[in-house]
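Those protein sequence lines, which keep their order, are chains A and B. Here the first sequence stands for residues 1 to 116, numbered as in the working numbering. Here the second sequence stands for residues 1 to 116, numbered as in the working numbering.
Because the hints were derived from the structure by calculation, they are not lab data. Errors might be hidden in some of the hints.
One copy or two, it doesn't matter: identical chains are merged, so the pair holds either way.
[To be verified] Taking lysine-lysine pairs in the BS3-like style, the calculated list, with each CA pair at most 30 Å apart, reads: (1) Lys38 to Lys65; (2) Lys21 to Lys38; (3) Lys65 to Lys21.
So you can see what is in the structure, the chains are spelled out below.
Number of protein chains: 2
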Amino acid sequence: MTYAKTAAFTADQQQLARVAKALAHPARVAIIQLLASKHTCISGDIAAELPLSRTTVFQHLQELKALDLIRGEIDGLTVCYCLNTELLRQVQQQFTAFFTEATSGAACGPADACAF
Amino acid sequence: MTYAKTAAFTADQQQLARVAKALAHPARVAIIQLLASKHTCISGDIAAELPLSRTTVFQHLQELKALDLIRGEIDGLTVCYCLNTELLRQVQQQFTAFFTEATSGAACGPADACAF
DNA sequence: TAGCTATGTCGTATATTTGCGACATAGCTC
DNA sequence: GAGCTATGTCGCAAATATACGACATAGCTA
Numbered sequence: 001m002t003y004a005k006t007a008a009f010t011a012d013q014q015q016l017a018r019v020a021k022a023l024a025h026p027a028r029v030a031i032i033q034l035l036a037s038k039h040t041c042i043s044g045d046i047a048a049e050l051p052l053s054r055t056t057v058f059q060h061l062q063e064l065k066a067l068d069l070i071r072g073e074i075d076g077l078t079v080c081y082c083l084n085t086e087l088l089r090q091v092q093q094q095f096t097a098f099f100t101e102a103t104s105g106a107a108c109g110p111a112d113a114c115a116f
Numbered sequence: 001m002t003y004a005k006t007a008a009f010t011a012d013q014q015q016l017a018r019v020a021k022a023l024a025h026p027a028r029v030a031i032i033q034l035l036a037s038k039h040t041c042i043s044g045d046i047a048a049e050l051p052l053s054r055t056t057v058f059q060h061l062q063e064l065k066a067l068d069l070i071r072g073e074i075d076g077l078t079v080c081y082c083l084n085t086e087l088l089r090q091v092q093q094q095f096t097a098f099f100t101e102a103t104s105g106a107a108c109g110p111a112d113a114c115a116f
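Please model the complete structure; the sequences and the hints are all you need to start from.
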């Protein structure tokens, strides 16, 4: 971002963008779906399920964890990651609100295009 | 993405990630909100509303247009951008389905954490 | 303790994103 | 046509993201 002028935008916009960024990579989407499908938390098996190196997967996990979308619990030798469903529900509401706002306006009609 | 191993993920995951990426910057979120608030399409005024240079804003517009989330119609000297509400509605459904899937699973409970 | 496995950390190479100035193009007006 | 404004395009610099190998750490087990 060079200078990351994010400060110039509203908190809502920044928050939405932050979460969107977390979902902006197929691997992270896949990780969340994986965690959702196995209602029990799995550990580094995640890495085995994805076509990426363990290091890279770990990196993606860190990014999701940084946003608190997922959590990891150490269980002896293994670590169990799981979804933060509470936060996800909040995020879902944010996205719903955003999309509702975006889709409520009239589409750019054929003729009524521009007001000026 | 270095090698962009996106091919290894499902079409759904890639599509979701693509759209998420479009929303992964506050400026682009702001642009969509701006277009939504003025139900009439505005033109390069968008650049004036954002704390970014005209070139940069144009770049963001191009990214949104590449995904067909917005459209631009030339009207003489000015250009009117507007939301593709139809596509946005589809995208909203994708996100809703994704979040529903993600939030339906039981959260990583205190004790029931790991199965192994 | 020695050896094995599961995680996590570091450094690095490459690709992409972001932001912007400088220039090109196109329409409008006098 | 000359001058002005609105858009769009190019190239560059700096910041990030992506991916991975090599090493570090920690727990389990014989």
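How the hints compare with the structure:
When the C-alpha separation of lysine 38 and lysine 65 is checked against a cutoff of 30 Å, the pair qualifies only within one copy, where the shortest distance is 18 Å, while the shortest distance between copies is 37 Å. Taking identical chains as interchangeable, the C-alpha atoms of lysine 21 and lysine 38 lie at most 30 Å apart whether they share a chain (24 Å) or sit on different chains (26 Å). Within a single copy, lysine 65 and lysine 21 get their C-alpha atoms as close as 13 Å, and across copies as close as 18 Å, so both meet the 30 Å cut-off.
Comparing the model with each numbered hint stated earlier shows that all of them hold.
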